[in-house]
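Student: This is what each chain is made of:
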Amino acid sequence: MENINRTIKLTISELQNFYLLVLQSVSNLFKRPVYLRDLIEQMDYTGAGTMIIIILVALFVGMALSLQIAAEFSVLGMQMYTGRVVGISIISEIGPVAAALVFAGRAGSGMASELGTLVLRHQVDTLRVFGIDPVKKLITPRVIGSILMLPALTIIADMVSLLGAYYIVTVVNNQSSTVYWDSIRLILIPQYIFSGTIKPFIFGLLISSISCYTGFTTKGGAVGLKSSTTRAFVLSTILIIFCDFIITKIILFTFGYPV
Amino acid sequence: MNIVFDKICFSRGNRLILNNISFHINNSETIAILGGSGEGKTTILRLLMRLLKPDSGKILIDDEDITTKTEEQLRPIRRKFTIVFQDGALFDSLTVKENVAFYMREYTHMSEEEIDNNVRKLLGFVGVEHAINLMPEELSGGMQRRVAIARALAVQKPLMFLYDEPTSDLDPFNAARIRELILNLSNSKRGFIVVTHEILDALKLARRFMFLKGGSILFDGNKQQFLHSDLKELRTFLGDWNEEIKK
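Each protein sequence line maps, in turn, to chains A and B.
Last residue of the first sequence: number 259 in our numbering, and the count goes up by one each step with no gaps.
Last residue of the second sequence: number 247 in our numbering, and the count goes up by one each step with no gaps.
Do not take every clue at face value.
Unchecked claim - What follows is a set of in silico ranges between Cβ atoms, one per label pair, in the way DEER data are often shown:
1. B/Met-135 to A/Phe-242: 39 to 47 Å
2. A/Thr-11 to B/Gln-225: 48 to 56 Å
3. A/Thr-11 to B/His-228: 53 to 61 Å
Rather than coming from a laboratory, the hints here were simulated on the basis of the structure.
Even glycine gets a Cβ: it sits at the ideal position worked out from N, Cα and C.
Looking at chain A on its own, in the form it has when it is part of the complex (with noise of 0.2 Å):
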């Protein structure tokens, strides 16, 4: 019974650490100084390093999916559809989360090995014994730079993902060009566009607070930084497919089921 009230108050400490991380994180923004220069070398590591895994992955998720819907929609005599139901997989729910989850697992699991080698080898003590500010100058700048970059990539995802549909389905299957983008158009309704949208900026949000907080409160070496590395992903992945469904469920709830 002692070990259970130990792990909750533990839990629930944990938790209140990482909610004040985040919001001072969020809020440094609004206070000077500013490390404009911290947050564009941030900016390209996350968006500039992450994005030809992103195009690749996006690439072929969109090949897949349209190989696959294509192929069950031509034994129901529904091929016209496969332009939009592969739109709307990809623009409202596939998408974000495939960029995210390589987001999650290249630039967020970078963030948590750093800063936890940055913790482990003094340099955020270093920077505490001058006066700054860490999680302004290292922190902020990671979270503000997953928060601008992942939309872009999830766009940049959705784009290419897209024209893999497309190859797949006029190429391979030979349906028409104009149907597949007539089909496309259609679904570009600010419900889908809005789903769309939005998840990447909490999914970026979510996976820099996260990576940030577990490199952060790295503890014990070389074991301490691998295990705040893996947790960092794994939390990051089961919040992002966590959050994806109830973000769809407000959606659906708002907006209602499209006609």
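Knowing the structure of chain A, use the given hints to seat chain B on it.
Tutor: Same frame as chain A, now just chain B:
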């Protein structure tokens, strides 16, 4: 500047590191804190900089209790000190020059030319000017320690230096150079605290000695008292040095 540790307790998990320790020091003193590994020597430095928070007790700096202060309130207090960590703790993504210039870029309005001149002067003082454009990973342990000292010197007007195991893992030649630097940097107004388990370092550098064992300060006195103390734990710690002292 007066520093007072008043009944400080600090534990990590279930392990009590410091048990009700109290002492008073002045920033002009040269102090060596000695003890075996894991006895809490470094913890004292980290508590003094409030990088750690004690479980109980007060740490007063010029009568101001720093244990209750926020990170923002601590900033001006921390700038009264400068610390050289055991491994140097250089920023490994920055060159030697950028490491030493870091504080100047953050807190002064110096031009690039002025910063460059100051960095060269500081690196020249510690004898590593030739390494100005190297990355920390390209430096030897001794050079990293000297660059860390140069970076610590860049802090404007520190009132006291803190050194955490400044010569550990260094060869005798480099260790002697670091000791010489530490002595050159202290003066009648600016002292230091050196945390070490190297008895030679302590004897060559300090005038006041503290010995930590089992979470308590078992000894606090001057060199003569330190060398001739009857304290059993201290004699055991001094080991082979007992013979040297008798000679």
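Student: Are any of the numbered hints broken by this structure? If so, which, sorted upward?
Tutor: As far as the earlier hints go, not one is violated by this structure.
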